[in-house]
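Asks: Below are the chains, spelled out letter by letter.
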Amino acid sequence: MNPTLGRRLLPYILISPLVVFIGALSFVPTVDTTVEAFFQVMPLNPPTRFTGFGNFRRLFANPVFVTSWVNTVVYAAIGVVLSVVIGIVIATSLKRGFRFRGVVLALVVLPWALPAVVEAVIWNWIYDPNFGVLNSALHSAHVIGGYHVWLGLNRWLTVTLIEIVQVWQITPLSALIILAALQAIPPTLYEAARVDGASSWQSFRRISLPMLRPAIAVAAVQALVLSLNIFDQAYILNGIAPLGSSVMLQTYVTTFQNLDFGGGYALSLMVTVATALLSMALLALLYRRTEAAA
Amino acid sequence: MKIPRSHMRRPLAPALALTAAIVLVGTACSSGGSGTGTSTGQGASQGTGPSTITVAVAYPAPPAAMLDQFTKQTGIKVNWVNIGWDDLQTKIAAAMTSNAYFADATDVDWSKVGEYYKTGWFLPLNKWFSVSSLRPDMPQLGTFIVNNELIGVPFDSSFMVTTINTKDFEKAGISTAPTTLGNFSADLKKVATATGMSNPLDIQLATAEGLSTCWYQMTAAFGGQVLSAQYAPEFTSPSSPGYQAMNWMVNAYKNSLVPKGNINVTDYDGFTTEMAKNRVAGVLCDYSGSVASIYNVASSSSVVNQTEYVQTPGATGPGPAVANPDGIGIPKNARNPQAAAKFIQWFTNTENQAIWAGLKGQTDVVPTFPLPARLSSFALLSKAGDIGQASQLAAILSAHAQPPFPNGAPPWYTQFSNAVQTNIHQAAIGAETVQQAVNNIASEVQQLKASG
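Chains as they are written, first to last, in this note's numbering: chain G, 1 to 294; chain Y, 1 to 452.
Derived from the structure by calculation, the hints contain no laboratory data. Just so it is clear, CB atoms sit at the ideal spot from N, CA and C, and this is done for glycine as well. There could be a bad hint or two in this list.
What the hints assert, rightly or not - Just the calculated beta-carbon pair ranges, DEER-fashion:
(1) T74/Y <-> P17/G: 42 to 48 Å
(2) S256/Y <-> A284/G: 51 to 57 Å
(3) I164/G <-> G196/Y: 32 to 38 Å
(4) I164/G <-> K189/Y: 33 to 39 Å
(5) V143/G <-> W85/Y: 45 to 51 Å
(6) A64/Y <-> A284/G: 56 to 62 Å
(7) N45/G <-> A395/Y: 41 to 47 Å
(8) A64/Y <-> V73/G: 47 to 53 Å
(9) D68/Y <-> G145/G: 55 to 61 Å
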């Protein structure tokens, strides 16, 4: 083979397994989902037939579907803001060398490494209204007079408490992404700032934060994707009650409990499109600001 | 201070590509299960062959020695897959819709019989099992028959009972079991005063299947049923048993008879923990088998030998026991239906059913197995020393157990159950009135019936 041609082909050969892998696992199901979203696929009401926007109309007529979307937007908003802010705090703290830093780093990563179901079960015990740690701690500290039912009574409290569990899980990844970017900032910039008489806060605001914006953008996007797709935490902590329902939970109920596969496809498609658009918007917003700051 | 441009600029295109990859992989991972192309052949990859079958149920495997014995006798090797009940239903639906192999024998829940009959997802078992000879020994067999087709064979005889803590009742000076709901409420209030319990009654009120079945049980206790033989709602009138049952359950919660947290305890283990830890003195809609498998287990219970089954108190006297047995059947895509049928015959035979429930001691017990499906197995347990209050349960089973729906579960049972649990839950937390809840459920029934 011509050595020049070989060199040209090498990158494509190397990347081809990944292309096949992503193509098989992501693009093919995405195309399939897009097509099937316009068909009525109900094993209890065969045959499968083209229904146009029928699946979408049926979904929008369901008030639980609307509640789930509003809840999901709140999940995403809380998830993105908290995971990025806490991620920055953790990354900034871990940037400095200190004793047992490695141990602390491992502990920080732990919630990310645990399966979401395991975490939800743990938090279910923490929130338990009869013998949970949260009630016990607050009662012991005289913050509350008696044990409270935390989940299932108040919609926004339920959504917030469920999202806290999600934030607990996704924040370590945000922290790691931001920490990696933080460590890549040349120390000379900070030294120059110190010579110019900048305080720590000024250095953080004028150097770290602008330099971190690309990493923050990636961290925010991963938090957004994970929060928009929240399922395990909502299902385990709240069941299928509409109060804290998410769109992914509705996808599960629609598809596997109601056996409305067409409706499930339509919901999946909507989530995918919403996730893509919101992610692009978030990314574009953060990048523009970065360039403006420059 | 100005930051050099070389440090600030990052190419946007790779970042956008990364975003797209995260989005696609993230959504694909999250929603992958909804695709009809999902392969769920968990068992298929594990040593399947002409004489190997995969059995997927929500129970731990029987003792390995007994399975080995079955293999020696029949030449059939069993690959046992224990999957949680909810996951199992998802896997069955995904595999059947995508026409993929899943298992040779798997769970047929009582609530799914209508659905499986209509979809044809399970093979009729009539050619392997004689319905007429099984019926006298299996009181709940009828739950698994639709238009003379046997969709599954019951392998336990789970039904609803009421459980009380006799020690707590004695502390309150009560020596006879309550027979009406009025008596029961009054007794529980006395128990609360005598023992200091804040909320002495356990009822499932979280959005889970247990809430739906409890409503069917309580409706039966009030002397009725929720749906007619033609699946018409029978609960919309305030004087109907279904309406009164829901009202009673909601008021029990609002009047603090029931722990406040019950509206959010979705798992059965969490629900029974209240009784096991002596935080309640009575459980409505408890499962037959809880005394032996939960409350009398010394390692996790503080009420060992203190609990007793009673018939569910009704409006004017003891009510019937609503039955919700588990069955086992053969999916249409089974690779070895013949061997699966042989396994089901072995798994549900008289002696083995009694062994799973403790006939030969704790070592051969299948954990969480509630009760045998056969009366002849109960007879063996009674003869061996009334293991697990077998004679009492056999009496309730043969005389009082009834299916929740006179003509079997409707094909759209799952949607119906979802509507039931979410609306009762909403009524309990005060987001809806009982009237609104019954109206919403009735409206859902009409829609489901109209859509076929």
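Asks: Run every hint past the structure and note whether it holds.
Replies: Verification of the hints:
no.: 1; hint: T74/Y <-> P17/G: 42 to 48 Å; in the structure: holds, 44 Å
no.: 2; hint: S256/Y <-> A284/G: 51 to 57 Å; in the structure: holds, 54 Å
no.: 3; hint: I164/G <-> G196/Y: 32 to 38 Å; in the structure: holds, 34 Å
no.: 4; hint: I164/G <-> K189/Y: 33 to 39 Å; in the structure: holds, 38 Å
no.: 5; hint: V143/G <-> W85/Y: 45 to 51 Å; in the structure: violated, 38 Å
no.: 6; hint: A64/Y <-> A284/G: 56 to 62 Å; in the structure: holds, 59 Å
no.: 7; hint: N45/G <-> A395/Y: 41 to 47 Å; in the structure: holds, 43 Å
no.: 8; hint: A64/Y <-> V73/G: 47 to 53 Å; in the structure: holds, 51 Å
no.: 9; hint: D68/Y <-> G145/G: 55 to 61 Å; in the structure: holds, 59 Å
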